[in-house]
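Mind docking chains L, U and X on chain F? Use the hints.
For the protein sequence lines, the chains are F, L, U and X, in the order given.
The first sequence begins at 1 in the UniProt record's numbering and counts up one residue at a time.
The second sequence begins at 1 in the UniProt record's numbering and counts up one residue at a time.
The third sequence begins at 1 in the UniProt record's numbering and counts up one residue at a time.
The fourth sequence begins at 1 in the UniProt record's numbering and counts up one residue at a time.
Hints may be right or wrong, so weigh each one.
Since copy identity is lost for identical chains, a pair holds within one copy or between any two.
[To be verified] Straight line, CA to CA, 20 Å or less: simulated EDC-like cross-link-like pairs of lysine to aspartate or glutamate:
#1 Lys417 x Asp285
#2 Lys127 x Asp165
#3 Lys79 x Asp19
#4 Lys127 x Glu162
#5 Lys113 x Asp165
#6 Lys72 x Asp19
#7 Lys127 x Asp192
#8 Lys72 x Asp161
None of these hints come from the bench; they were simulated from the model.
Note that the structure is predicted; figures quoted are calculated from it, not measured.
There are 4 protein chains.
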Amino acid sequence: MTPGTADLTVRTLGECRIDSPLVALPADGPTTEHYVREDDRVLFDDTLQMVAARGLDSGELPGFEPTGPRRKIFFQPSKTRVGIVTCGGLCPGLNDVIRGLVRELNDHYGVKKIYGFRNGYQGFISKYGREVVELTPQSVSGINEYGGTILGTSRGEQDADEIVDCLEHMSINVLFVIGGDGSMRGALRIADTVQERNLKIAVVGVPKTIDNDIPYIDQSFGFQTAFAKATESIRGASVEARAVPNGVGLVHVMGRHSGFIACYAALANNDADYVLIPEVPFELDGENGFLAHLRRRVERRGRAVVVAAEGAGQEFLADATHPGHDASGNRRLRDIGQFLRHRIADHFAEHGLEMNMKYIDPSYAIRSVPANPYDSVHCIRLAHAAVHAAMAGRTAMVVGRWRGRFVHVPISLAISKRNQVDPHGDLWMSVLEATGQPRTFG
Amino acid sequence: MTPGTADLTVRTLGECRIDSPLVALPADGPTTEHYVREDDRVLFDDTLQMVAARGLDSGELPGFEPTGPRRKIFFQPSKTRVGIVTCGGLCPGLNDVIRGLVRELNDHYGVKKIYGFRNGYQGFISKYGREVVELTPQSVSGINEYGGTILGTSRGEQDADEIVDCLEHMSINVLFVIGGDGSMRGALRIADTVQERNLKIAVVGVPKTIDNDIPYIDQSFGFQTAFAKATESIRGASVEARAVPNGVGLVHVMGRHSGFIACYAALANNDADYVLIPEVPFELDGENGFLAHLRRRVERRGRAVVVAAEGAGQEFLADATHPGHDASGNRRLRDIGQFLRHRIADHFAEHGLEMNMKYIDPSYAIRSVPANPYDSVHCIRLAHAAVHAAMAGRTAMVVGRWRGRFVHVPISLAISKRNQVDPHGDLWMSVLEATGQPRTFG
Amino acid sequence: MTPGTADLTVRTLGECRIDSPLVALPADGPTTEHYVREDDRVLFDDTLQMVAARGLDSGELPGFEPTGPRRKIFFQPSKTRVGIVTCGGLCPGLNDVIRGLVRELNDHYGVKKIYGFRNGYQGFISKYGREVVELTPQSVSGINEYGGTILGTSRGEQDADEIVDCLEHMSINVLFVIGGDGSMRGALRIADTVQERNLKIAVVGVPKTIDNDIPYIDQSFGFQTAFAKATESIRGASVEARAVPNGVGLVHVMGRHSGFIACYAALANNDADYVLIPEVPFELDGENGFLAHLRRRVERRGRAVVVAAEGAGQEFLADATHPGHDASGNRRLRDIGQFLRHRIADHFAEHGLEMNMKYIDPSYAIRSVPANPYDSVHCIRLAHAAVHAAMAGRTAMVVGRWRGRFVHVPISLAISKRNQVDPHGDLWMSVLEATGQPRTFG
Amino acid sequence: MTPGTADLTVRTLGECRIDSPLVALPADGPTTEHYVREDDRVLFDDTLQMVAARGLDSGELPGFEPTGPRRKIFFQPSKTRVGIVTCGGLCPGLNDVIRGLVRELNDHYGVKKIYGFRNGYQGFISKYGREVVELTPQSVSGINEYGGTILGTSRGEQDADEIVDCLEHMSINVLFVIGGDGSMRGALRIADTVQERNLKIAVVGVPKTIDNDIPYIDQSFGFQTAFAKATESIRGASVEARAVPNGVGLVHVMGRHSGFIACYAALANNDADYVLIPEVPFELDGENGFLAHLRRRVERRGRAVVVAAEGAGQEFLADATHPGHDASGNRRLRDIGQFLRHRIADHFAEHGLEMNMKYIDPSYAIRSVPANPYDSVHCIRLAHAAVHAAMAGRTAMVVGRWRGRFVHVPISLAISKRNQVDPHGDLWMSVLEATGQPRTFG
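Only chain F is shown next, with the shape it has when bound in the complex (with noise of 0.2 Å):
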């Protein structure tokens, strides 16, 4: 019984006609695009039908295939040779990733032969000699307890002709990659050239990014661990701020090309008063910059938490000299963190006013953490998924979430663009609302 247009129409008391006063923040600008146009809808269920229902053909709508096992399969179970290869920067949940292939390949589908290539794309080229390890369901029970990736990972590419070599010298089939963006396209490569060459070999990808940047995907693996991960650091620096006079507590997340981990982890505790993220570009200096607005902000408050991701404010460190640093320094420069420490201090000083800073990056320590149960569950229907669709002859594709189903998506779309905190988004502008941050600096 789908419910129709009107069922779903919200009553409302009368009609608006009082100026918001959230309106009255921004001048007119961009930044009214926080608001919500009048005609704007969420799709409701089965709209494909009902666009059919309509006399539309509803194969013209643009439509991901769904996950999930077919009645006919492509590959033999009992012939079927897999690899498994992880690449990339850990993240939480790699583990779980490779325990729900293993157990769902040898399981459900009987396939006995799985391979594990250690260390990234490394472990199908010779000259590295990493030793290829065989995947059991023993060997892999209770991997998911801990973080990182039992295969090991490396960065980097590796020749596709010579990995499709080693994949055809060691008759694989199935080949799933665990990776992020670079690995994908890597995995398409192959893809490619397994093409060319005519061989009957899937590629099929589970996409790993801790920082939530490909898009398609609702939500990556691994994202909910770090970014809780990452709130404790954050509550870290806002306890130190408020134990010493005139605070400033600043956290560096990860955040290479999107912010979504620096929003969640600041909306996490709300210990937060800024949040610097790539997708939003930021003055420092000048009376309106970001300097001056925090300044002001410790005169009156006592302290305030600044969390930047890695890649916020990029545009400052390619300045190579800013006064006060010579050439050695250069290094340094590249990393926001350090770079917002030494400015912050430096601006703190210039205006004569005593300063307490409390640094806090945690690092490693954010993508090396076991996967946290929803980050487990999420992994191992991936992982569910990635066999289904191998099985049935998929390839250059990989396993993801969309609007909460599970879908098939080609690996050349999920690399075609990165997934970014949307600047006139609902998420960024509860942000700005929980950290009572200005829409823009300068």
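Chains L, U and X alone, transformed into the frame defined by chain F:
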């Protein structure tokens, strides 16, 4: 740049001709629905615009109104008086929502008169004599660190007319109700009474259901915290069952009408061998019944862990006069955990098999904890959304997250049915795959 | 440079002439012993040497032998065969001890033959058919991350002669028994039998008591982890009790013979209003009984939290025929938690006072968790000490920490009495002060 | 019934004639002291009484005065005015102590005038203008859930005369100082000044040292919480090091003068391969130096984890002009973590060996967390003890736990030396055994 259908199509290696080994498991029947239909699609972004582009009036398509601040609002903030009430059982995040409401109302809209009504709807009824507390940013500071609700709660209905009398008497313009489906029915009656009296009082709900069983809402606040906590009990039962000869761990978790907590908790660390939920009936007795299956598993593997949602197998509890239990046992029989505990013990005894039962019922320990970071973020975003909705004059509605966006849902719709685990969906499929339990008992 | 008595004397401002207000509380009686005697002293370091310096033979003073490696040992490591067994109820840290034993034996002494006997003393008795497992550094790697014991456990005695037969048959030279006081009695019988047969088998115990009730041992492993876990349940009960009108939270914690877990857990977050322990008898009925006191507190403050150790009030449970409970209720009556639950409910009902009971019994959830970092350190140090002792030929002893040092304690002494909360000591005094409960009920 | 010497003697199987394999490790030298002297004994209970029974005046034996309530007290509670101040770096449990003091003073002694001085000793000095806050049971309710100190803190001394002026001016009778050894020196100066002026103001300290380095105190509050937190960082470094080829995890933990945190954290999960502490000097260079040893271990096993206490290897940092670092590097060189980070990288580079460094410095994240349950209990017991001492007129003293009992320790003694890890004691022995690192480098 919306991709076309072609861009979204996943490459396949060839035609699928092999019967899936998963097919072999069930006999033909409804369980085949675990398999994905070939024409199934998950709609891509902005379908609305695409539909319109194809000449169809998108307004015809049912859709929810998105949450967020409106440029014009209905209530004059400086004159607005707000009431907040929490009803029903505890759920992680209640204090986060209260705090989020107060902060958003006060800091951003400038609403200064905010009142908390104590102990649910009793707080409006004079005979209970509950005091009304004024809520300020100071009084809600840090309350999110605690479980429970600073306003207290109670179960049960109160007379809508008397409630609206109270609201009128106190000149309340906006009432926020944080509660479950019973409380939302109450909220709807209040909104209806308000309408009948031609008053201008907005009634906006923040739906609370630790069981995640409210429809049209992707995931309710507190759910992740709750199932993570339940996971600990399952782990405990598993550790105990492993330590003894023929150990049976039995864990009784929340979930009166839906098995989401049981399913997620069981998937999270994969310690469970059996998951029993309200949505999937089962037979206890007989050669293929649950008891015989459990016994054989224990004989074969030396142990087993059973997770039972409180609403599972209610049909067995109707029969109050189970052999060996006298009439005074009735009340105990209403508890499926205690019921299974005795039936399992009896069954093993009948078969002369040693068995060491380890029973854990975490009960209140699950719902009284503070929200985890994810749920905290979710709560604050729901609170922001609820304030925006109320200030814009929306009423008789709840806020929720649907397909990745926050939306306004009419209360009538939110109470029209229950969200349940789909016995043919991918969540239950993953549970079956992870536990290895059969699709049916009996 | 040992300080003299003068150096250790604390300055005082003058003579104490004012009656302490704490004195007023109890009537004259044994409770006055909470007050410190003026001539009481805690001995400073190296008393032994000082006594000797004063011309007394320090050898006359009773003292334990400290643990640690000896220059000369008794067993030839390369020929030594070791057995390990875990007995009784689970306790956090069992796997830490097993791992510590294996690593120390293997890595430092070079002992390669280490065998784990499964399911407690059953593992030595052929009729049970428990397999013996070889323990290596590899097989114990990471086991400390899990609760429970990889060797399994069981309760109850087995024939010492048959056990020693098994040890002889397997040429075991050293047996480590990790278990509680019952198991230590068994270990002593094994050591005695070994001695009677004139064998050279060392029997060394690592005392396990989650209740911290083994004498001559400052704190047993797992205790801190256990009471920290119990603290969570008390918090849960407190949160629940605060949320409802006249809420009574009742928490049933471990502690059959001693109330250490109850006391520490209650002190840890100060949510408890009443702590009932085996060491302090109480009256239920009458104007000054526990029930009336509790009722008045709830009337006055709207709520109360009660923590009951399982061994508290056992005298009430002897009377199986409590009114309102039929004979089949006997077993339930043995449980003080359930008993109090019903008596409190009855009492409030008799006085016509609304009451909302929230009962939490964490049971196995407390003892099945992995050891916390402190307990892990404690376990590894005990394991190292036990290995040094056994290799040096000590037998019929346990390792423990006494007054800040690790020592060898003869089993006969360790089972000679129970360690209990001193009703006149400072721990119980702090509990009384923190809860505000009266010194006696009735 | 005190057991005699005979009862305490452990049975031995026979004479020890075999050289311990552990003996072989060190050359003859001081490290042999790891072995236990045969005549060593740990005194049994009630030595005092036994000594007296042997005709010696027990008063001659040095002993601490035990804490606890006295029947007669010095200050009239209704007229007593109390000050509380927290000084120095943060430590888990500060708020627990504040709360315990206020509750004990108010609830049990009936002291109503309790003042908190803000930001350490600055709070007494007018030029800083810190406000004084009144402390009540309400204002300290729940503060123990937070890290840090509600009173704020500061480092550094202030003039004792000006502080006593302030105490006189405010008619303070009792001052509680919660702080480290520097603060205790200040407290002693205050007590001395009080005495010189012939005032009746008690100065009682609660010693705070996250490093556990205060002498005559078994374990300082916050220590367990702190090292448990440090354990997480070591785990993170270990997980990272395992995931990459030739991974070196380096963790910099607190411990300026003592290595207790490093030792306990390293023992807790056994991930560390090297522990460097201030108490044990080491060589960096040379064939047997730390760097070469580390490199060989990485070559052999593919990874290593190093834990360095901040006070380790300070001798290397004195040389500010280490080759390859210019003058501006001075400050960085003061940090042994950063120093080792660069020296290890240089060393591997010099030997042409790939190395992936993962550096974690948890810094403030360790000390800003709330106390764990054990430390909470410890804090409340210390607070109770401190109040009893002060009300009984004791001054110039601190409370502590010594050999299992809470005692009064003169400040002069508590600041007379530092508690450190004994390089010949069983803690360091266990660290060496658990890590497998050599007794000396170089």
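Numbers of the earlier hints that this structure fails to satisfy, in rising order: Result: hints 1, 7, 8 break, sorted rising.
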